[in-house]
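Protein chains: 2
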Amino acid sequence: MMESDPFWIEVGLARKLIPGMKDRLLLHAGPPIEWLKMSGPMKGAVIGAIIYEGWEGTQDGAERLAESGGVTFAPTHHHNAVGPMAGVISPNMPVYVVRDRKYETRTYSNLNEGIGKVLRYGAFSHEVIQRLNWMRDTLAPTLASTIQEVKKDKPGIALKPIIAQALTMGDDCHNRCNAATSLFLKEITPYMIRAGLEKDTLIESFNFMAQNNFTLLNLGMATGKAITLAGHNIKYSTIVTALTRNGTDAASWINGLGNEWFTAPAPIPKGVWFPGYNENDANPDLGDSAITETAGYGGFAMAAAPGIVSWVGGSVAYALENTQKMYEITYTRNRNFLIPFLDFQGTPTGVDIRKVVRTGITPTITTGIAHRKAGIGQIGAGIVSFPIEIFKQALKSYAKKYEI
Amino acid sequence: MMESDPFWIEVGLARKLIPGMKDRLLLHAGPPIEWLKMSGPMKGAVIGAIIYEGWEGTQDGAERLAESGGVTFAPTHHHNAVGPMAGVISPNMPVYVVRDRKYETRTYSNLNEGIGKVLRYGAFSHEVIQRLNWMRDTLAPTLASTIQEVKKDKPGIALKPIIAQALTMGDDCHNRCNAATSLFLKEITPYMIRAGLEKDTLIESFNFMAQNNFTLLNLGMATGKAITLAGHNIKYSTIVTALTRNGTDAASWINGLGNEWFTAPAPIPKGVWFPGYNENDANPDLGDSAITETAGYGGFAMAAAPGIVSWVGGSVAYALENTQKMYEITYTRNRNFLIPFLDFQGTPTGVDIRKVVRTGITPTITTGIAHRKAGIGQIGAGIVSFPIEIFKQALKSYAKKYEI
Numbered sequence: 125m126m127e128s129d130p131f132w133i134e135v136g137l138a139r140k141l142i143p144g145m146k147d148r149l150l151l152h153a154g155p156p157i158e159w160l161k162m163s164g165p166m167k168g169a170v171i172g173a174i175i176y177e178g179w180e181g182t183q184d185g186a187e188r189l190a191e192s193g194g195v196t197f198a199p200t201h202h203h204n205a206v207g208p209m210a211g212v213i214s215p216n217m218p219v220y221v222v223r224d225r226k227y228e229t230r231t232y233s234n235l236n237e238g239i240g241k242v243l244r245y246g247a248f249s250h251e252v253i254q255r256l257n258w259m260r261d262t263l264a265p266t267l268a269s270t271i272q273e274v275k276k277d278k279p280g281i282a283l284k285p286i287i288a289q290a291l292t293m294g295d296d297c298h299n300r301c302n303a304a305t306s307l308f309l310k311e312i313t314p315y316m317i318r319a320g321l322e323k324d325t326l327i328e329s330f331n332f333m334a335q336n337n338f339t340l341l342n343l344g345m346a347t348g349k350a351i352t353l354a355g356h357n358i359k360y361s362t363i364v365t366a367l368t369r370n371g372t373d374a375a376s377w378i379n380g381l382g383n384e385w386f387t388a389p390a391p392i393p394k395g396v397w398f399p400g401y402n403e404n405d406a407n408p409d410l411g412d413s414a415i416t417e418t419a420g421y422g423g424f425a426m427a428a429a430p431g432i433v434s435w436v437g438g439s440v441a442y443a444l445e446n447t448q449k450m451y452e453i454t455y456t457r458n459r460n461f462l463i464p465f466l467d468f469q470g471t472p473t474g475v476d477i478r479k480v481v482r483t484g485i486t487p488t489i490t491t492g493i494a495h496r497k498a499g500i501g502q503i504g505a506g507i508v509s510f511p512i513e514i515f516k517q518a519l520k521s522y523a524k525k526y527e528i
Numbered sequence: 125m126m127e128s129d130p131f132w133i134e135v136g137l138a139r140k141l142i143p144g145m146k147d148r149l150l151l152h153a154g155p156p157i158e159w160l161k162m163s164g165p166m167k168g169a170v171i172g173a174i175i176y177e178g179w180e181g182t183q184d185g186a187e188r189l190a191e192s193g194g195v196t197f198a199p200t201h202h203h204n205a206v207g208p209m210a211g212v213i214s215p216n217m218p219v220y221v222v223r224d225r226k227y228e229t230r231t232y233s234n235l236n237e238g239i240g241k242v243l244r245y246g247a248f249s250h251e252v253i254q255r256l257n258w259m260r261d262t263l264a265p266t267l268a269s270t271i272q273e274v275k276k277d278k279p280g281i282a283l284k285p286i287i288a289q290a291l292t293m294g295d296d297c298h299n300r301c302n303a304a305t306s307l308f309l310k311e312i313t314p315y316m317i318r319a320g321l322e323k324d325t326l327i328e329s330f331n332f333m334a335q336n337n338f339t340l341l342n343l344g345m346a347t348g349k350a351i352t353l354a355g356h357n358i359k360y361s362t363i364v365t366a367l368t369r370n371g372t373d374a375a376s377w378i379n380g381l382g383n384e385w386f387t388a389p390a391p392i393p394k395g396v397w398f399p400g401y402n403e404n405d406a407n408p409d410l411g412d413s414a415i416t417e418t419a420g421y422g423g424f425a426m427a428a429a430p431g432i433v434s435w436v437g438g439s440v441a442y443a444l445e446n447t448q449k450m451y452e453i454t455y456t457r458n459r460n461f462l463i464p465f466l467d468f469q470g471t472p473t474g475v476d477i478r479k480v481v482r483t484g485i486t487p488t489i490t491t492g493i494a495h496r497k498a499g500i501g502q503i504g505a506g507i508v509s510f511p512i513e514i515f516k517q518a519l520k521s522y523a524k525k526y527e528i
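Protein sequence lines correspond, in order, to chains A and B. Per my numbering: the first sequence = residues 125 to 528. Per my numbering: the second sequence = residues 125 to 528.
Be careful, since some hints might not be right.
One copy or any two copies: either way a pair holds, since identical chains are not told apart in the list.
Here are the simulated lysine to aspartate or glutamate pairs, EDC-like style, with alpha carbons at most 20 Å apart [unchecked claim]: (1) Lys284 - Glu311; (2) Lys275 - Asp324; (3) Lys323 - Asp277; (4) Lys323 - Asp129; (5) Lys323 - Glu273; (6) Lys275 - Glu328; (7) Lys276 - Asp324; (8) Lys323 - Glu311; (9) Lys146 - Glu251; (10) Lys146 - Asp324; (11) Lys276 - Glu328; (12) Lys278 - Glu328; (13) Lys449 - Asp405; (14) Lys449 - Asp261; (15) Lys241 - Glu445.
In short, the hints are calculated from the structure, not lab data. Note that the structure is a prediction, hence the values are computed from the model and not measured.
Throw the hints in and build the complete structure from the sequences for me.
What follows is the structure in structure tokens.
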């Protein structure tokens, strides 16, 4: 995991780039789930994706299609992909491709839409679909031309250095990606200009990314997926290689146990609410974004990001405390990701199920909060801990597999 | 000072924009000084400026011209200008104009050249002069076109919000301007593109600024000058409105005492040295950049910028301690500039000479370090405290003026 070396190398449609992606397949965040068990925001994102793909034109039609089995569902993680919140990726959505130059794996993520009324939080109104169309028709081609220019000079955009720098600039690179987004734009802008795009397209794409502090979240997640994939499927290892939620269940993958899912009901985050909403409106946690914590940043690096408490709640003291607690359940300190405020100590990295079960401390992350009903969107951001059950189950399965 | 509202509004040649700027006049950092008393790096910058202006072609010629009185010297502060290190501004150097929209004052700073072998640290070789020529002929016109585009949409680039955000992103905005530079570029890039410049010029200018983490230092200093100017010349006030050094003397201005200079020998900073150099090579401190601390950021906000200790030395504990100590000698906590790590407390703002003299604690700042010989340049960065004498003198003068 420490030696993984992820680079952004490509942007294009999921159906062309993600292995196993096919017509009528929708990828989603978290462990496997059927339509009937999906929560409101996950259903909302599925409805939106069906309308976006043109498989049906209306909410009713989309619901009937999903219910009748006219759509196949699969977890993003089964395709080395990750998506924040609902994490729905449909065949004609653009995705980033990240290549691990050390281990030669490829991981994928969709493009970030911004906050509020967006597909990944379960919104699917006309404005949401139009934004997705624009991202496919304008933003993605801009980024594709840009990364082609980059590749004339170098193998791609190195992602670990962006995350490492951003952690010294007040980001946790999960719910605060302000610095990471700025650093990313600073790096790609000369190539965007060089690509010879139409001036208006260039400005429109730049502004869309610059005005969204979550622009780098998705690439940061594909980076986390590359890092954790580097440590996946290694015999005897007790390190967690995926932590994720689908809005109904929270789940983990354990290094030495392959793709076996351990699940328990997803908890509701404690948070800071957008005006007009409160905890009664909140859906249980969802999204693949806990891949950032699994890889050694995100909420585990809260001590690097005191400014985040104005977005997710808690206090600066809590931010420090959370990072300190995560050292108790992780294997080591990260060599790449340092926290200046803890005297440049590496972030807590590699959740060890043995330590989780022994201490009773579970991974605690920063997260976005979706309305529990389909069609509304983001209503806040907060902090949430994974349920202990998924680590206990994993430890039992481990003991059984390795006959301990 | 709190209500000052500085905007970047223009870029152009000093002789056209700085009131009182004229042929054969060189502005310099710090209190007034004659050629013979100037330190090596100040002399080096003067030599470079004379060659840059074409008043003489060689080092010898430039020295003779300066010695014979063929050049007039004046402190930047007498022209509402500020410059880092030697702070030399000659008539044909481009400068930023900052307008305080609250108090309708204008302040000025030159453009940042990068680090190492640069004029402001006393270097004047061919490469230094060529870079200055390029900045005049390419960078400044690019920025001038950009700010013209900005002004079609809004009154200019608001600078306090950039500094305020950067302080939540690990900058002190004096010796660490990484975030401020990124935020500035993020804001001006769409206007740079819109300005319709030649593609190569655009990329060259963008890269020059993006690859120099000190790009925003000079605009941040002009911001500090605007903020302190807002509080200058107010009867009875004991607040410091300028702290500056010319490489020979350190000096202060006090609010209620107008432009009376209080000076004492400039100290040598404690620092981190570029390879091959040590404290024996160091010149006494120089530059107007302590205007940042005078305005409530820079070293006073070290607690916001733990990452800075890898550049200026000291420890993270020291960074916290320095900010805490500065509260003892300042009047209030800043309403604009907050330090997340101190629970979003405002930065210590408004050095009060009464508190300095009573506690014996003097303003402590982050700084760059120049080689003591002309022609070499930057050899490190560090931390330095102003001498107590300049505050004692000021307090005596205050008592006399106000007949206390």
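For this session: Check each numbered hint from earlier against the structure, then list the numbers of those it violates in ascending order.
Result: Per hint list: 4, 9, 10, 13, 14, 15 violated.
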